[in-house]
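*Asks:* Protein chains in written order, with my numbering: chain R, 1 to 222; chain E, 1 to 354.
No wet-lab data here; the hints were simulated from the structure. Please read all numbers here as calculations on a predicted model, not as lab measurements. Just to be clear, a hint being listed does not mean it is correct.
[Said to hold, decoys possible] Derived lysine-lysine pairs resembling DSS-like cross-links, with alpha carbons at most 25 Å apart:
#: 1; chain 1: R; residue 1: 199; chain 2: E; residue 2: 282
#: 2; chain 1: E; residue 1: 173; chain 2: R; residue 2: 217
#: 3; chain 1: R; residue 1: 165; chain 2: R; residue 2: 199
#: 4; chain 1: E; residue 1: 228; chain 2: R; residue 2: 103
#: 5; chain 1: E; residue 1: 293; chain 2: R; residue 2: 98
#: 6; chain 1: E; residue 1: 228; chain 2: R; residue 2: 70
#: 7; chain 1: R; residue 1: 98; chain 2: E; residue 2: 314
#: 8; chain 1: E; residue 1: 354; chain 2: E; residue 2: 266
#: 9; chain 1: R; residue 1: 199; chain 2: E; residue 2: 293
#: 10; chain 1: E; residue 1: 349; chain 2: R; residue 2: 217
#: 11; chain 1: E; residue 1: 354; chain 2: R; residue 2: 205
#: 12; chain 1: R; residue 1: 217; chain 2: E; residue 2: 347
#: 13; chain 1: R; residue 1: 165; chain 2: E; residue 2: 344
#: 14; chain 1: E; residue 1: 354; chain 2: R; residue 2: 217
#: 15; chain 1: E; residue 1: 266; chain 2: R; residue 2: 217
#: 16; chain 1: R; residue 1: 195; chain 2: E; residue 2: 293
#: 17; chain 1: E; residue 1: 314; chain 2: R; residue 2: 186
#: 18; chain 1: R; residue 1: 162; chain 2: E; residue 2: 293
#: 19; chain 1: E; residue 1: 282; chain 2: R; residue 2: 205
#: 20; chain 1: E; residue 1: 283; chain 2: R; residue 2: 98
#: 21; chain 1: R; residue 1: 201; chain 2: E; residue 2: 293
#: 22; chain 1: E; residue 1: 173; chain 2: E; residue 2: 256
#: 23; chain 1: E; residue 1: 228; chain 2: R; residue 2: 64
#: 24; chain 1: R; residue 1: 162; chain 2: E; residue 2: 282
[To be verified] From chain R, some residues computed to sit far from chain E (all C-beta separations above 12 Å):
#: 25; residue: 28
#: 26; residue: 49
#: 27; residue: 50
#: 28; residue: 85
#: 29; residue: 100
#: 30; residue: 116
#: 31; residue: 133
#: 32; residue: 136
#: 33; residue: 139
#: 34; residue: 158
#: 35; residue: 161
Built from N, CA and C at the ideal position, the CB exists for glycine as well.
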Amino acid sequence: MFKKVIIAEDFEEFNLAVQQTLNNFNIVNFQHAKYCDDAFLKIRKAIQDNEPYDLLISDLSFKKDHREVKIGSGDELIQKVRELQPEIKIIAYSIEDKSARIKSLFEDSEINAFVLKGRNSIEDLKKALTIISASDQKFISQEVASALQEKGNYEIDDVDIKILKYLSDGTSQDEIIEIFKSSDIKPNSKSAMEKRLAKLKDFFKANNTIHLVSITKDMGII
Amino acid sequence: MQEGLKIRNGAQDLYGIIGSNLHLAQYYSKSNIQKSNEYATKAYEIATKLRSIDERLKALSFLISNDSEAQNAYAQKFIFLNDSIIKVRNNFKNKFARIKYDSKKEKEENQKLRLENVENEVALQKAENQKILFLSGFIILCIVLFFVKKNHQNKTRAIKLKTAYDTETRIAKDIHDELANDVFNTITFTQTQPLEIENTKETLIQKLDHIYARVRGISRENNTIDTKTNFASNLKEMLSTYNSDHTNVIINNIEKVNWHLVDEFKKVTIHRILQELMVNMKKHSQASLVVVKFESNGKTVFIDYTDNGKGADKNKIIKNGMQNMENRILAIKGTITFDTKPDKGFKVKITMSK
Numbered sequence: 001m002f003k004k005v006i007i008a009e010d011f012e013e014f015n016l017a018v019q020q021t022l023n024n025f026n027i028v029n030f031q032h033a034k035y036c037d038d039a040f041l042k043i044r045k046a047i048q049d050n051e052p053y054d055l056l057i058s059d060l061s062f063k064k065d066h067r068e069v070k071i072g073s074g075d076e077l078i079q080k081v082r083e084l085q086p087e088i089k090i091i092a093y094s095i096e097d098k099s100a101r102i103k104s105l106f107e108d109s110e111i112n113a114f115v116l117k118g119r120n121s122i123e124d125l126k127k128a129l130t131i132i133s134a135s136d137q138k139f140i141s142q143e144v145a146s147a148l149q150e151k152g153n154y155e156i157d158d159v160d161i162k163i164l165k166y167l168s169d170g171t172s173q174d175e176i177i178e179i180f181k182s183s184d185i186k187p188n189s190k191s192a193m194e195k196r197l198a199k200l201k202d203f204f205k206a207n208n209t210i211h212l213v214s215i216t217k218d219m220g221i222i
Numbered sequence: 001m002q003e004g005l006k007i008r009n010g011a012q013d014l015y016g017i018i019g020s021n022l023h024l025a026q027y028y029s030k031s032n033i034q035k036s037n038e039y040a041t042k043a044y045e046i047a048t049k050l051r052s053i054d055e056r057l058k059a060l061s062f063l064i065s066n067d068s069e070a071q072n073a074y075a076q077k078f079i080f081l082n083d084s085i086i087k088v089r090n091n092f093k094n095k096f097a098r099i100k101y102d103s104k105k106e107k108e109e110n111q112k113l114r115l116e117n118v119e120n121e122v123a124l125q126k127a128e129n130q131k132i133l134f135l136s137g138f139i140i141l142c143i144v145l146f147f148v149k150k151n152h153q154n155k156t157r158a159i160k161l162k163t164a165y166d167t168e169t170r171i172a173k174d175i176h177d178e179l180a181n182d183v184f185n186t187i188t189f190t191q192t193q194p195l196e197i198e199n200t201k202e203t204l205i206q207k208l209d210h211i212y213a214r215v216r217g218i219s220r221e222n223n224t225i226d227t228k229t230n231f232a233s234n235l236k237e238m239l240s241t242y243n244s245d246h247t248n249v250i251i252n253n254i255e256k257v258n259w260h261l262v263d264e265f266k267k268v269t270i271h272r273i274l275q276e277l278m279v280n281m282k283k284h285s286q287a288s289l290v291v292v293k294f295e296s297n298g299k300t301v302f303i304d305y306t307d308n309g310k311g312a313d314k315n316k317i318i319k320n321g322m323q324n325m326e327n328r329i330l331a332i333k334g335t336i337t338f339d340t341k342p343d344k345g346f347k348v349k350i351t352m353s354k
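Pulled out of the complex, with its shape left as it was, chain R reads as follows (with noise of 0.2 Å):
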């Protein structure tokens, strides 16, 4: 488990489930800051004297106040911790639920895990505690898990409306596939096809193609 833990976060009460949860795992050597340059230095200097830190739990947004800071996001200083100590784990704790920016800090800044602020953060802080104490996986928490899944997209694009189109004006799934591949369009195979029709469906709950194309024509995509 974890030796020595610094905690980057702007609340004026020291956040109960972080110092619950700490307490839990018998880690007494925690240090805070409330501002995210305070903290980069602590992080610098315990490099220094040479007692670094093995744990960052992070927040990412913080209230702008009087006091002019260089680092002013969560983000950022995850990304120069990043740099400067590679090999401390990072966590990254906030209410942030956008994929991008969870996907961003997964990829760019690899981060160890991601607890969303919420009903579950305690259970989550532990289970990430445990995880990434032991091991290099990682863990997100349940409700944005879908954020590092390609998933949850329902997009089609210009060679699915031909598709559609040509289906509403009579042509076959076969004919379709041989003018396809005389203009040259990709992809054209047989089984692409079968795919697409199939995605098309799901995506606008159609029955069958009947079904599919007369969707689309209400929805004023072909």
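Dock chain E against chain R, hints included.
*Replies:* What follows is chain E alone, placed relative to chain R:
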């Protein structure tokens, strides 16, 4: 006369002497030819000395008319002198005539030049006038344009302010409707229920979590919008958060728009409008399908929103939530049209220049 000659001789007035001699020659030509010749010869000699041709000729003419012996010689001299003097004088006359002619020509030319000058001046004046006219026209145009622009700016600013104000009031209303009630209920709940019981505590936590989710929702709806490289993916993500077990949000060609060419404020507007449409969709429509279609050409972005929900009475809906969207789109000089009927879904067309 003799007296006069004597005085002139004394005064050495040579022209006077010639004159006197000639007068005497004329006087004696009728009575004493001998004397007349003497005086004439004398006048001739002095005149020759002075090279006074007219006097010489006069003297010669007396000698010719008086004398008979030397008449021929005098006559020849006279003719010679006369010829040469006429020649000389003619020459002078010619020269003079040419000078006269030249000066006349010059005068004409001057006249002409002056005329041209005047014409030029008139033309210049005209040009000047035109210039002034043009300039003043231009200035007037500028002023008019300035005022039109200012007026327009004022209008746009008014719309922007109105939009901002509407947004503020909407947030206030959201907080009041969605949060204040919930918080009040939760307070009442904690005051009246025994919290030692595990079930009651769980209910309280649920209530608080619900409030927390609402707060996050309001915050998300009014959060800053990334207008840089992640705009399209964030917009896509925002639309996709409205996917649910019941609703599919289908997106088409969002990345085909050259978003980096679109003005930042316009991007924010698009994000907010689509968000408002999605919020309304979730609240009211019960739609199972939503299609958001993006299209763009060189200058314009077209966005089509369509859902298959229960729609609404168009007249009612314009009065409520749609006004804010219209103001937003007006502020970026775009257009927005709503098309809906009860049970016939909801269609929105947005166009705006990049």
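*Asks:* If a hint holds in the structure, say so; if it doesn't, say that too.
*Replies:* The hints, checked one at a time:
1. R:199 x E:282: holds, 24 Å
2. E:173 x R:217: violated, 38 Å
3. R:165 x R:199: holds, 16 Å
4. E:228 x R:103: holds, 17 Å
5. E:293 x R:98: holds, 22 Å
6. E:228 x R:70: Satisfied, since the Cα-Cα distance of roughly 22 Å is no more than 25 Å.
7. R:98 x E:314: Not satisfied, since the Cα-Cα distance of roughly 34 Å exceeds 25 Å.
8. E:354 x E:266: holds, 8 Å
9. R:199 x E:293: holds, 18 Å
10. E:349 x R:217: holds, 16 Å
11. E:354 x R:205: violated, 34 Å
12. R:217 x E:347: holds, 13 Å
13. R:165 x E:344: Holds, at roughly 23 Å.
14. E:354 x R:217: Answer violated: residue 354 of chain E to residue 217 of chain R is near 29 Å, above 25 Å.
15. E:266 x R:217: violated, 30 Å
16. R:195 x E:293: Distance ~22 Å between residue 195 of chain R and residue 293 of chain E Cα, so the pair holds.
17. E:314 x R:186: Given pair residue 314 of chain E, residue 186 of chain R is violated - Cα atoms ~43 Å apart, limit 25 Å.
18. R:162 x E:293: This hinted pair holds, its Cα atoms lying about 15 Å apart.
19. E:282 x R:205: Roughly 18 Å between the alpha carbons, so the hint for residue 282 of chain E and residue 205 of chain R holds.
20. E:283 x R:98: holds, 21 Å
21. R:201 x E:293: At roughly 18 Å apart (the allowed maximum being 25 Å), residue 293 of chain E and residue 201 of chain R satisfy the hint.
22. E:173 x E:256: Measuring from Cα to Cα gives roughly 37 Å; hence the hint is violated.
23. E:228 x R:64: holds, 22 Å
24. R:162 x E:282: Violated. Residue 162 of chain R to residue 282 of chain E sits at ~30 Å, over the 25 Å cutoff.
25. 28: Non-interface label stands for residue 28 of chain R: nearest chain E Cβ at 28 Å, farther than 12 Å.
26. 49: holds, 38 Å
27. 50: The assertion about residue 50 of chain R holds, with a minimum of 40 Å to chain E.
28. 85: holds, 27 Å
29. 100: With a cut-off of 12 Å, residue 100 of chain R comes too close to chain E, as the shortest Cβ separation is near 6 Å.
30. 116: violated, 10 Å
31. 133: Residue 133 of chain R is indeed farther than 12 Å from all Cβ atoms of chain E, at 28 Å.
32. 136: holds, 28 Å
33. 139: holds, 21 Å
34. 158: violated, 7 Å
35. 161: Label violated. Min Cβ-Cβ 7 Å, cutoff 12 Å.
Violated hints, listed in ascending order, are 2, 7, 11, 14, 15, 17, 22, 24, 29, 30, 34 and 35; each of the other numbered hints is respected by the structure.
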